[in-house]
Every structure is written in structure tokens, then in C-alpha cells.
Amino acid sequence: MKSPIAVVVLAAGAGTRMKSALPKVLHPLANRPMVRHVLANAEALKPARIVGVIAPGAKDVAAAFAPYPTVVQTKPLGTGHAAKAALGALKGHAGPVLVVFGDAPLVTTETLKRLVTACAREKAAVGVLGFVAEDPTPYGRLVVQRGVLERIVESKDANEIERAITFSNSGVMCLDGRLIASLLGAIGNDNVKREFYLTDVVGIARAAGHKAIAVEGPETEFQGINSRAELAMAERALQQRLRAAAMTAGVTMTDPDTVWLSADTRIANDVTIGPNVRFGPGVTVASDVQIKAFCDIEGARIGRGAIIGPFARIRPGSEVADDVHIGNFVELKATKMGKGAKANHLAYLGDADIGARSNIGAGTIAVNYDGFGKWRTVVADDVFVGSNSSLVAPVKVGKGANVTAGSVVTEDVPADAVAFGRARQVTKKGRAGPLRAKLKARAAAAKRTKKK
Amino acid sequence: MKSPIAVVVLAAGAGTRMKSALPKVLHPLANRPMVRHVLANAEALKPARIVGVIAPGAKDVAAAFAPYPTVVQTKPLGTGHAAKAALGALKGHAGPVLVVFGDAPLVTTETLKRLVTACAREKAAVGVLGFVAEDPTPYGRLVVQRGVLERIVESKDANEIERAITFSNSGVMCLDGRLIASLLGAIGNDNVKREFYLTDVVGIARAAGHKAIAVEGPETEFQGINSRAELAMAERALQQRLRAAAMTAGVTMTDPDTVWLSADTRIANDVTIGPNVRFGPGVTVASDVQIKAFCDIEGARIGRGAIIGPFARIRPGSEVADDVHIGNFVELKATKMGKGAKANHLAYLGDADIGARSNIGAGTIAVNYDGFGKWRTVVADDVFVGSNSSLVAPVKVGKGANVTAGSVVTEDVPADAVAFGRARQVTKKGRAGPLRAKLKARAAAAKRTKKK
Amino acid sequence: MKSPIAVVVLAAGAGTRMKSALPKVLHPLANRPMVRHVLANAEALKPARIVGVIAPGAKDVAAAFAPYPTVVQTKPLGTGHAAKAALGALKGHAGPVLVVFGDAPLVTTETLKRLVTACAREKAAVGVLGFVAEDPTPYGRLVVQRGVLERIVESKDANEIERAITFSNSGVMCLDGRLIASLLGAIGNDNVKREFYLTDVVGIARAAGHKAIAVEGPETEFQGINSRAELAMAERALQQRLRAAAMTAGVTMTDPDTVWLSADTRIANDVTIGPNVRFGPGVTVASDVQIKAFCDIEGARIGRGAIIGPFARIRPGSEVADDVHIGNFVELKATKMGKGAKANHLAYLGDADIGARSNIGAGTIAVNYDGFGKWRTVVADDVFVGSNSSLVAPVKVGKGANVTAGSVVTEDVPADAVAFGRARQVTKKGRAGPLRAKLKARAAAAKRTKKK
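Residue numbers (this note's numbering), protein chains in the order written: chain A, 1 to 452; chain B, 1 to 452; chain C, 1 to 452.
Simulated from the structure, these hints should not be mistaken for lab results. Watch out, some of these pointers could steer you wrong.
Identical chains blur together in the list; that is why a pair holds if it fits in one copy or across any two.
Straight-line distance between alpha carbons at most 20 angstroms, and here's what the computed DMTMM-like set of lysine to aspartate or glutamate pairs gives [unchecked claim]: (1) K19 / D255; (2) K429 / D381; (3) K428 / D416; (4) K336 / E221.
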């Protein structure tokens, strides 16, 4: 690489309009902190360096940047001031420097690449990403003449002709690494707010005889996030990208608008997904899987041909082998289901290993918690666990064993044994009438008491 | 208040296109009868009087107006006739009279206020709310010259020039209380349908030398509701308002379009809400609460830091204290969960008091109903209730007690006691094979019988 | 009928962009294979014949056409070649022949009828359905002069004037049955792809002195389906039609966009449906039913006045009588609920008959499967089944009987009897402290072991 790129991510903004204790750039999108999207898009450029600029004391933000270094902008004195804070971390870097924003996660790698490429081709000291705004009112305008970016005019300072310009400033810039220190150093704060504006580098570069250019990108990529409503809009935009990519790869979604994916969700072809399915982080789904309506899946692998849901919840640490069925109102947590195993109705399997072809009856609970520790339930292959059973962990049920319905299993069951953990039925004839009379009287008495 | 307002709500329409036994204005929006939205928006004006005009026999509608009085429009002879029915109830009222519609619940207080203010300022006898219609075809047009509303032309009666007008009649009016009786009294029914049209008052007022004006409001507020499809559109519009307000106040919604709020839902800041959460009436949520996907919450308070769902249902009369966890496939009904208590999996807690830090195991049922009465279960602090237990109310479990998994508890458990209500496990070795053979034979026999 | 219609459905396309092992025309929309929608719309014309053209070896597609015959297009040589394959099956047919596409299921019967009617009126040998495209770039243009369709120009062959035409070719045609053999026979393959294009018949007919016409339909009907994303768009369009029809018939939907209907769903008036309800195939709902949020219903009848959900799942073969209540986290499978019966909380009723007014307690399981056969549970009228009970089928519970909470019922319960199938409670005072100590120690030991 002749001219490796450096990326500076500005992430020191206060985000007061979020009305949140959580720093703005850590608010999640597609279950990943906003700034990690910015980093992922930057990483795809294979840059030589990435450096974050953060606010004083923002340890959580620094942690989100790891393994990349961060520098602290000591006071909130504008974007130019923030970029300057990164100069130390850029020492010795002579290639292009991209300045991007931690709260603008929709800018794609492809758009960044086009900016860098154009700057190299045009030998520009400064390149700015712009967009044609449907309503440019809130944005600075890019004044371009004969391929050269002459200046950026703030909306409030624009004259009538400039106000008619729709080509708007995204804020994203590419600066020549050999010039960046002198360009940023020359930014002044002679303005009402006494702040240092990064946009000033355009004029500074041109005054020094360097070239500035503007490169157009799609408006949809440049939405910054300053409020919960904008966060929701960005979430929607990201979800649309993730859904479209999945469908292109051969996934059927009955109603794509109601499938929520995580940035790292991986789904193979010929998977069908019903309405209202949420994928938390860390999910992989093999081909020919049916995921029915109303499922919530997180941190799990789903094997080929499995049938999931409706109303299934699969939690982190679960591995669902091929041809497994997980039915309604069933929860798996850190549970392995062997090939062809079934848990079709109202069950909680926590910290369990269920063997191949084993059938878990309706209402079964793998009792993994005793108030102090969590324990595993191990069910071997070809076991039949009757409905409404409780398997009190740690406990093992051997191959081919049968647990009768309604049993509480507290001791290991050997292979091929039958376990009973329930009382024999006793039927008392003619007693329902008197029982009804008694219960009725009790209810009536309670009613009288209430009235008093 | 010099000039207190009166509000007349026209709610006597038949609503046949709703195809419903329920009167149109009682169809709910955001879980509140349509007409109650109209009343709430009127109430915010602090009017001296509110009076409803209803159809004969519409007792339910009258009840929805309470505590405000209603008068009956004896026959459906048009809006002018309906407004006249309210004259008796307006006796002695000299201030402005707003005439609004029970089936147009989206008109905001702010827009009504602007109409009243403009009428006062302009000393107008009649003020009409209008809107610039994207497609004015179905509406009467407001003919305005030099700030004066000259007349309202019905669409079918409009000439070519008038048809080009997009400023359209919403129907909402403000009339001078001193003139209202004479204005309404002068409306005739010399038309094809032999009906009395309220819009005629514009011409009547002007003929008598009074001034009429039109005030513009946003088109979105003036959608009337005549069909289920329009009801759904109004619901969406109201939901958008409620969601936007919540986000502005610092609530994160992964997908706002799938959060359904009630008119009275109150949610604090830094609450995160996953996709597909429905709030029925009467819900208050404190800050730092996480409500995961697929929850249904109604008539409940949720304390600070609680984690709810996914797939949780909380029903009226429930109080969930700080730091409580309510997990998947759990239902609470009229149940209090003490601080830090947990019910994480497949449980029904009906009419129960659960103490602080107590843990309710998976599959636990608080058995509140015996076929005749409902009874309470009282679980003290620091209790551990094992999985698949049944607590048969009325019953009490004392502080620090332990109910073993699978127990049926029918008698009170003292503090620090351990309760067993289950059979001991009996394991019969080698019996699963013969059992399988027996069950297989039974199934085969049944199959043979079916074929015959 | 003087001139009965024949319909040729072209369904031999490969559909590679679907990335699917399933033939494209079998991908479902509203829970019905795509091509069945095309057939249903054709059937409403009461045609004399319907014939499908399929790819070699496409047995599943042929089965989807049943009872209509199919012919095989031996090689994929274009739409003209495909239509020719149907000629044998059209022998002796002198009426109009509609040529439609198996992957364009949104074309309505009404639009097809308009095409046929116009062709008859105009005595046209060829009629083509066209639409005014918002963006005509991808489509062939219909060149119409004085009511006559002169030719169809492919987008890439269009000159500047033709490119400005927005009237676009849908592909759907109506051909005169007496001329179809000679028209199709005259199509050549003198083009780059060496394919036979059906569109050539326009020129061929006109050269032979016959008339060709174009009839306009709405663009929305002509979306073909070539990818999963287009499949999702078509699904949405169909759902919108189904939802609108239901609302017009008097159904209230809180949020229609989150109600998924099947092509055959039937819902009576004054039914209210909350957000997020999925109707699989074969559902009928009587009037005055409330279906709350988050329900999944398939293959079931719901009687008048029933209350369903939230979070209910009703599976095929279920019959829910009037006034039944099915509550949260309840699954019915092939189960009949008698009038006024209730199963309100966390229950699985599989292969069960529940009598009128019977109450099924929370957590009850009708244990229908023993690993080999499925068996029925029969509960008579007025039975009270206590919570967390297991009814092990085959088993019968007689009228008025009472099954106590937590019971495992393995033997029939006579009418009016009380059945106990649970252990008596044993309470051990002061034992919780030592138990806690023991469990705490066990957890600590396990933690130490892990660290090693």
C-alpha cells in the first residue's frame, strides 16, 4: 500500500437531545453500539490507523473503540478542535486522513472509498463528502465551481444564490496527511460561539494554494443521530439493508419489515421466516430452516432443517442441531438439542443437553437453579420425558429411558429405566358435589366479608 | 376569563359504514373511545361548558360524555339541525361556541385555540377551520377574499374557478355565542336532501352584516372517521404522535412502528422498548426499565430498573417494584412483585403478593381460582419457590421458606420451613423397553382399528 | 356462452434469482402457492379450459395445477416457445385465449375480463395488457396509434421518441383462438438470444391484416416475481387487499399492517383484532370475537363472542365454540372447546374434547403423545381441572368432576368425582436455613472446581 489511510472518528459530542445517561455513540443499532458500525465501515478500508476522539472521562466510549486508541478532547470547542486532538496520534502518517463521525453510522465503506480515491486522483488537500438534500435548509452548502470546492457556507450565512444550492455538507472529510497539522492549526475561533470549525480547512487549504474537492454520496447515508427519533430512523435504515441482503441471499420473509436482524446475523438460503422474528446478536441459521412467527433468538446456532416457533425463545449458548423442533412457548437457555430432538410445547430447558431424537414433553422444566448455583441436566439419546416433568439438576437421564408424566426427577435415571416421581391417582366418587358446595359457600362468605 | 368558551360536540351520526353494533364515536383509538379524545382536546381549552349532541336512544354515547350533558337530535336532518339541538344547553352563554365533531378526534387543542383566538381578534361572528387539501375533490371549498370568508361552496356546486381552490372546509366552526341562536335559526332546508346544513351560517352571518373568517390547520388533523379503514388510519396517526412524544422524552424504541401506546401511557427516560410491545390503558413505567420484544402490559406500574420480557404479559392491578425481572411466557394478574423479585420463565401469578428478592421457579402457578372464588397467594421476602410448583390459594409462604420443585402447596408454609408436596422418585430399571413395546403395540392396534 | 375463454398459464421459468430449491411459482403468498392465485383469478372467469406450461420434470408444479392439465416446454426458448407448447391442449378451441404468467399473481380477474371484453368488442386478433409505468426503463413500450397497437418495442431497441412512452407491456395477452396456431407458428428466433418472443405476435397479426389492441391496467397488478424481495412486495400487496376487504366488511384492526391473513381467511363483522395476529390457512371467525395481540391461528373455527389471546396459538383441527376464552401461552391442537369453556393460562390441549363451561386450570397439559401414538382426552361439561394437572390420554373426565391442582390423571374420572393425583404436603420447619447452607456450599465448591 503506497498511501495507507488513517481514520479519525469524532465521538466526543454530548448528545443532550438523547436525554440519556448512556453516551450517544454507545446507543445500539442492530444490537451493536453505534460507533462500532462506524468502526466496522472504516475497518473495511484496511486503514493503517484508526483513532477515536472522545470526551473527558468517557471510559465506556474508549472501551468501545478498543483495540483502537482514543484521545481526549478536553473541552467541547468544535469539530476543528476535536480533530486537532488527534494530531498526536497521527504523527508520522503521510497518507490520507478520513475524518468521520461517531454518530453517523450509515456512511458506507464504498462511499468513503470513493472520497479517498477522488482525493488521490485530483491531488486534493481536502475532500468533502456532500449530498443533494431534499430540504437543504439545515445544512452548510458546498459551493463548487469547475470541479473545485470553493467554500462551505453555513446556512445562516448564505446569500440568496447560495441558499438555492442543494448540494450540502455531510461533515465527512478526507485531508492530506502531510498537510493536516498545518491545516487544522490554522483554524481560528473568530465567531459568535468561539468554536473551531473543521469546515474552515477548505478556505485555509485554498488560501495556501491547495485544491479542495467535493464528492457526492446518497443523502440517506448522512443522517446524523441526535435524538431517539433519529436513532429509530437509523435503525430502520440499517434493518432495511440487512433484510435486503438476506433476501438476496435466498431467505424468504413473509413480512420483512417485521424481522429484526443484528449486524452479525447469518442466515443461509431457503430459510423461511414468518412475521415478527427478532434475532439478537450471535445467531447463525443453516439452510432449510423454518422460523415461524413470533420468535426471539439470540446467541444460538440453528441446524439445517430445524423448525422453530411460533413463540419460541432461544437464548445465548444454545445449539440446535439439524431437524430439531422447538415449538410454542418453549425457552432454551445454554441448551444443546441433539439431532432430531423435540421440545414442542411450553417448556423451559436451561443449561441442558438433550440427546438425539429425545422428546421433551409439554410443560417440562429443566430445573437449573437452586437459588445459589446453576446446574446442568443431561438427557441422553432416545429418551422420552413425559409432560409436566421437572428434571432437577444436576441430574442425568440415560439412553432410552422414560420419565413418566408429572414426575419430579431428583436422582439419575439409568439407561432404559422408567422413572416415576408422582403420586398414584386416587378417585373419590360423588365428592365433587359437596366440594362445589363448600367452595361456593367459601366464596359467598368472602363476598359478605368484603361488603362489610 | 372574559369570554369563556362553550364546546358543542356533534355525535349523532349513524356510522353505517362501520358495519358495527357499536356507535361510531365509541370505537376506541389508543384504547379510549373516539369521542373521549375529542373531549380531552376540548377540555384542554378549559371551556365553561361542553355539550354533546347524540342520537335518540344512544345511552352508551351519553355515558361516554359524562360528566358533560348531552342533548338528543331527534331526527337525522343534517349538521345545522344537530347544532340547533344544543341551543337549549347553551342558554345564557355569550362567549364563543366551538362546534366540533365526535368522529374527528385528531383536531388538536392548539388548532382549536387558534380558531377561537382569530375569531376574537377579527371580531368574527363565524370562524371556520379549513385545510389545504392534497385532493380537494370531496370537500366543500372555502372562498376567501381579502381575509374574509365569503362562502363555502359544496364540491358538486362549484364552478371551474371554485373547483381549483384547494382550501377546504373541515366542518369545525366557532360561532359568536350572542348570535348563535339567530344564525342557526335562519338555516333552511331548501335543498335536494331536505337537510339543514351548518355551513349555511357563513352566508347568513354575512347577509346580516357580520364577519366570517377561515383559519388554516394541517390536513392530517381533519380526517373524519367513517369506516374501519379510516379508523385504522386515525389510530396510526395517534400512535405516531404518542411514539414521537415518548422518544422526545428519552425513550428508545427499536422499531417505533411496532410499539402500541394508550392515550394515558406514561414512560420515563432511558427506558428501552424492543419491537412489538403493546401498552393497554393505565401503564406507568419508571426510568432505566428494559421492555424486551413481544410484551403486553396493561393497568400496571413498572418500577425503576425492571427487566420485562420478551413474551411477558402483565395484567391490570399489577405492581412491579424496582429491579424485578419478569421473563418469557410469564403472566401477572393483580400481582405485586417486591423489589428484586424474579419470575423468569413460564409462570402464572394471579392475585399474588411476592416478597422482595423472592424467586419464582419456572412453571409455577399461583392457583387463584377454585371455580367459584378468587383467592390470594402471599409469598414473603427471600422465598425460593421451586419449578413447576402449584401454590393453591388462599395460602401463605413465610419469609425465607423453600418450596421444593413440583410441589403442590395447599397449607401455609412457616418462615424458614421447607415444604414438600411431591412424591418420591421410584426408578424401575430395564422397564423402558417393555413399556416401549406395549405403547408401540397399542399404537399399532389403534391404527388397525382406524383402517377398518 | 358463445365464446368460452381458454387460459394458458406460463409457469416454466427457472427462477434462479430466488436462490431456492423450490420452483418459483410454488413459493407461497398469503399461504397459497403463487400459481394458485393465478389459477384462482383465472377460474373466476369460468373458462372452458385452463392449461399450464411447465418445465421438464416439474412434478410439484404439475400437482399444483391439478385438476388442470399441464404441458411441458422441453427447452427454455422464450415465451413464444412456451405458449406454442400449449397448442395441442387448445385443439378445437375457437374462443379467446388468455396467456398469463404463473409468476404474476396480482393481475385481477376484473382486469383480465376487461382485456377479453375489449378484444371481443374491437374484434382484435391480439390484445395486450399494458400499464403506465412510473419508471418504464425496464419494460417494452406499447406503441399505440388511433386505438391500434402498432408494435411492442423492447426497451433496448427503442428510439428516443419511443423511450419517452410510459405505456408499458405487462406480457399478458389475449389471442383469438382461431388464429393462435398460425400466429404462434409464425414467431421466429432471429435475435441475439435465439429465443421465440411472444410479443412478436403483434407484428405478425398486423402483417396478416388483423387488428391488435392494448388495454390499460393498474401498474400495481403487474409486478412479476423474480426475487425474494419481489416476493415480499407481492405478499404485502396481497395482504393489503385482504386487510382492506376485511375492514370494509366490518372488522376492526388496531394496526392492519400487522395482521397477516391467508387467502381463505373468513372473518365476520364486529370482530376486533389487536396488533400482530397471524391467520394461517383455513380459519373462520364468527362475529363479536375479540382476538387480542400476538396470536397465531390456523385451521380453526372460532365461535361467536369468543375471546382469544393475547399470545394464544390455535392449531389445525381446532373448534372453538361460542363464548370460549383462550388466554395467554395456551396452545390448542385438534381440540374442541365446548360453549363457554375456558383455558386462560399456559396450557397445552392436544387432541382433546373439552365440554361446555369446563374450566382448564393454568399449566394443564392434555398429554396426547406417548412416543408412539396420539390419544384423545375427553373432558365432559362443567368439569373443573385444577392448575398444573396432566391428563394422560386416552382418558375421560366425567361431567361435573373435579381434578385437583397438580394431579396426574391416568385413569378415567367418573362424573361428579374428585380426582387426586398428587402427594400430600409435608412441611419441615426450620429446614430452609440448613438447606440454603448446603446449596450455597455446593455452589461454592463447583466454582472452585471450575477455576482449577
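Homo-oligomer pair classification [D381, K429; C-alpha up to 20 angstroms]: between (42 angstroms within a copy, 17 angstroms between copies)
Up to 20 angstroms CA-CA - D255 versus K19, copy category: For K19 and D255, the Cα distance is within 20 angstroms only across copies (18 angstroms; inside one copy 33 angstroms).
Within, between, both or neither: K428, D416 at alpha-carbon 20 angstroms: between (34 angstroms within a copy, 9 angstroms between copies)
K336 and E221: within-copy, between-copy, both or neither at 20 angstroms Cα: neither (41 angstroms within a copy, 47 angstroms between copies)
Checked against the numbered hints given earlier, this structure breaks only hint 4.
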